[in-house]
Amino acid sequence: MREYLLGNAAIARGLLEAGVGLVAGYPGTPSSEIIETVASIKNNMPAHVEWSVNEKVALEVAAGASWTGRRAAATMKHVGLNVAADPFMTLAYLGVGAGLVVICADDPYCHSSQNEQDSRRYAQFAGIPCLDPKNPQEAKEMTVFAFELSEKFNIPVMLRPTTRVSHAREDVEIGSVAAPGKQGRFIKDPARRVALPSHARPLHSELLAKQAAMEEALESAPWNRLELHGDVGIIASGIAGLYAEEAALELDEDLSLLCIGSYPLPKKLIRRMLEHVSKVMVIEELEPVVEEQVQMIAREINPHVNILGKAQSIPREGELDYLQVRNAIARMIERPEREALQCPAVSILPPRPPSLCAGCSHRATHYAMRKVFGKKAIYPSDIGCYTMAVDMGTVDTCLCMGASITLASGIRFGGEEEGICCSLGDSTFLHGGMTGLLNAAYNKARITVTILDNSTTAMTGHQPHPGTGMTATGEKTTMVSIEALAKALGAGLVETVDPYRLDETMKSFQRAKDYPGLSVIIARQPCVIKARRSGLRPKSFLVGEECIGCKICLDFGCPAIEFENDKARINALCSGCGVCAAICSSSAIREVAK
Amino acid sequence: MRTSECDLVIVGVGGQGVILISDVIGRAAVMAGKPVCGAETHGMAQRGGSVINHTRIGCRFSPMVASGGADVLVALEPAEALRFAQFLSPTGVALVNTRPVLPSTVTSGKVEYPPLQEILAPLRAHSRKVFAMDATALAGIAGSAQAMNVVMLGALAGHIPLSEDLILQALSLVVPPRFLEANKKAFALGKAEVE
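Protein chains in written order, with my numbering: chain A, 342 to 935; chain B, 6 to 200.
The following block holds chain B by itself, in its conformation from the complex:
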């Protein structure tokens, strides 16, 4: 029996804006009158490390998504998509920003960053569908490289049981007004990628 309407796992690197996506979704869910909960990474792990956020829409239980339970995996960085792929349900969808952020273990020459195809292939084998996009480039086109997370939010919007109107309304509450237009553009570009 399903215990949640929709389970999301949002992953990336500390500083990429993972929490903003979950905050917008949480606020939109509250506006829609749906119970919603989530869990996030703070503290030491944030310093350039991998971060994971769990968000459960229409759920009154624990804030953590179980292994194999996520309906959607949103990855702001490709290696992190694969790192946390075990959370994704085999019937789930992965949305992946293809722009790598090199960890210090790679920049220092200790290990290599695998080619994108070697990351995406096992992800494709593991899930129902993978949407890969250069969200960082799309954010640049929208006028703010910082809005990469909002490109991914736009791509996510059609995959969750919340109306686009509410998501955009919630977005306008968390983004500073002067960046709102660029963020709305970023959202639309992300949305177009999965249509």
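Looking at chain A on its own, in the form it has when it is part of the complex:
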């Protein structure tokens, strides 16, 4: 049976077909829908599925289940692997019990990320196999295969979809779901579970010794496909293989083609290609992982073969597209290029950047923050919807999850004397902000930390977290108090405000500004998207005749406020937060009875 599936849903399907016993992860575009899909398939759910507090936690939980004899997977986006890098590197030494798969979704072009690092490098660094699917069907098949490979070589395996695989849709052949197997048991084996130096040294040797056997096993994997034709060849990895195949067909050219989907690389296939051709182009997104190997093999067996790649034809940044690949191939075989169409009239269009929603409480909090701390204050911020408040002048930094607090501390210790008010979301605080807050308290950082608590992980699609009292599967659980956490971590002043009450919020920020130590403001108001879905629209507002056209409300930047005939107007996007009424200079914005 075939089904039209999102890449991430295909991966979720693969997990279930592999009989996975545990799935853990932290949301991050483009990986989030894997756990959401697994959690939504109620009847076939694995023994345990969770949103973990962060990626490090997720991978460790998955490793624990693997060591207890359950197939386990951890899901994350590429930058999440940086957080999980500590267990990731050493798990390669210690190995697995049942299969352990790290699903790490890369984002070439930074569609929704702060960088475009190439996780194939991470797999190479750790010395573990990496499977690099080109489409949803392959992603599903590789997911099942990854568990078998992991068990065969006693090693974690990385599955590395990119945005164009995770967020592609395709008709995918569906198999049957497997049961997660019998209840697990942890078997004590200190030499393989306790990374003491005396244990780690022989395990490192073992890891290195496995490499050749893993390479041999992957050589014949179905996603490495060699077709020898003419004496000009293409070696392409992941989705680039699809672009190359399509281009060869469109150009109607008899090119030799090697498509690659697994690492360590199939060196024998690369050798056969290099022996056959006089010229070859290596096409891959981001880093020259394949190209470097091809160069090395060529030096051994055929130094005269002309290898084209990153230096000549294929960019090392951004994502590839069909025309780019087609034209690189066309240039190589001296055929005409096809130019991308231009439509010059596009310049008349207004830009449409993504923005905070109408009624988003983050806008109100940032507005109050700026009013109190002023233009000269420093505003380190973090990763979430609220990073879009950069236009409000209250986002001076965005580095990685939780770095707002630590950067703020460093900026203070570096000598900055202006006010410092940093901001991060509730989920980001719980993910990576708590240690930074503890450090700020311990080392006496005089800063204000604003926790923008919309009671969800909004940007990635509203996943629950420990502050919501709900698990990934919708079960009720302990609801962690952010106030109690902030106090326990050592903050001197902790206040909670409703950002829709502008006056009180500003007073609270003023107290924080005046406080001679570490202060925390928790600005709590549910995400407006979630509130709308649950039917909450508390109030309606309109702009009366008194409007003097001062544009103060317009500067607030809410998409529900328009300007027409020298007066402000409230449109249908209004969610009824009422903040604009509080900032109106002529009291022209008022609530209307429904």
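Straight-line alpha carbon distances no greater than 30 Å define the calculated DSS-like cross-link-like pairs of lysine-lysine that follow:
{"hint": "1", "chain 1": "A", "residue 1": "K828", "chain 2": "A", "residue 2": "K817"}
{"hint": "2", "chain 1": "A", "residue 1": "K854", "chain 2": "A", "residue 2": "K717"}
{"hint": "3", "chain 1": "B", "residue 1": "K115", "chain 2": "A", "residue 2": "K716"}
{"hint": "4", "chain 1": "A", "residue 1": "K551", "chain 2": "A", "residue 2": "K608"}
{"hint": "5", "chain 1": "A", "residue 1": "K892", "chain 2": "B", "residue 2": "K115"}
{"hint": "6", "chain 1": "B", "residue 1": "K134", "chain 2": "B", "residue 2": "K39"}
{"hint": "7", "chain 1": "B", "residue 1": "K189", "chain 2": "A", "residue 2": "K871"}
{"hint": "8", "chain 1": "B", "residue 1": "K115", "chain 2": "A", "residue 2": "K712"}
{"hint": "9", "chain 1": "A", "residue 1": "K620", "chain 2": "A", "residue 2": "K609"}
{"hint": "10", "chain 1": "B", "residue 1": "K190", "chain 2": "B", "residue 2": "K39"}
{"hint": "11", "chain 1": "A", "residue 1": "K880", "chain 2": "B", "residue 2": "K115"}
{"hint": "12", "chain 1": "A", "residue 1": "K712", "chain 2": "A", "residue 2": "K854"}
{"hint": "13", "chain 1": "B", "residue 1": "K115", "chain 2": "A", "residue 2": "K717"}
{"hint": "14", "chain 1": "A", "residue 1": "K651", "chain 2": "A", "residue 2": "K609"}
{"hint": "15", "chain 1": "B", "residue 1": "K134", "chain 2": "B", "residue 2": "K189"}
{"hint": "16", "chain 1": "A", "residue 1": "K785", "chain 2": "A", "residue 2": "K716"}
{"hint": "17", "chain 1": "A", "residue 1": "K717", "chain 2": "A", "residue 2": "K848"}
{"hint": "18", "chain 1": "A", "residue 1": "K523", "chain 2": "A", "residue 2": "K817"}
{"hint": "19", "chain 1": "B", "residue 1": "K115", "chain 2": "A", "residue 2": "K908"}
{"hint": "20", "chain 1": "A", "residue 1": "K828", "chain 2": "A", "residue 2": "K785"}
{"hint": "21", "chain 1": "A", "residue 1": "K493", "chain 2": "A", "residue 2": "K529"}
DEER-style ranges, computed between Cβ atoms:
{"hint": "22", "chain 1": "B", "residue 1": "Q151", "chain 2": "A", "residue 2": "N647", "range": "56 to 62 Å"}
{"hint": "23", "chain 1": "A", "residue 1": "R612", "chain 2": "B", "residue 2": "K134", "range": "49 to 55 Å"}
{"hint": "24", "chain 1": "B", "residue 1": "E117", "chain 2": "A", "residue 2": "Q636", "range": "52 to 58 Å"}
{"hint": "25", "chain 1": "B", "residue 1": "Q151", "chain 2": "A", "residue 2": "S619", "range": "56 to 62 Å"}
{"hint": "26", "chain 1": "A", "residue 1": "L590", "chain 2": "B", "residue 2": "Q151", "range": "39 to 45 Å"}
{"hint": "27", "chain 1": "B", "residue 1": "A130", "chain 2": "A", "residue 2": "G890", "range": "37 to 43 Å"}
{"hint": "28", "chain 1": "A", "residue 1": "Q552", "chain 2": "B", "residue 2": "A130", "range": "54 to 60 Å"}
{"hint": "29", "chain 1": "A", "residue 1": "N647", "chain 2": "B", "residue 2": "E117", "range": "49 to 55 Å"}
{"hint": "30", "chain 1": "A", "residue 1": "S619", "chain 2": "B", "residue 2": "R133", "range": "42 to 48 Å"}
{"hint": "31", "chain 1": "B", "residue 1": "D139", "chain 2": "A", "residue 2": "I689", "range": "19 to 25 Å"}
Bear in mind the hints are in silico, worked out from the structure with no lab data behind them.
Since we're looking at a predicted model, the values are computed, not measured.
Every residue, glycine too, gets a C-beta built ideally from N, C-alpha and C.
Start from chain A and add chain B according to the hints.
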């Protein structure tokens, strides 16, 4: 040589229901036994930003339509039609909802939204045919303003190699039963616009 039977680019603003159109087409293609693939926008870009969906019917290659490769451009918003016009083949057809959604750059008075004719004229010059319709109004007539995307699906149905029966069957799988009648009306109104 053609590498796909029919390439579509579906564009609009986050929240307008671009993905639903592609989902219905994908499901209908699977029912028809045709290979089908597509690519969509998730994450940060969805928050009120421009969204683009690629859908390729009868295609086994990448999910992305190349510049100048789309047989049909479906735009749920007029400015977005022009923004993504470079994907449309000069022999292709554009289906455009004429009801603007003003971006924050316009509502805040920073820039102006161009008159509809200034958007449609270059689009007409760029393609074989442009069908412009107030799909938002038609959806209202059908009984659900939310069904604007289904009006556009109705307009699209005759331009793709899938039978209307299969498309309606797929539609009934993705629309909640209580809205199905309004959606079927919306589909019929869209279809009538291009006949």
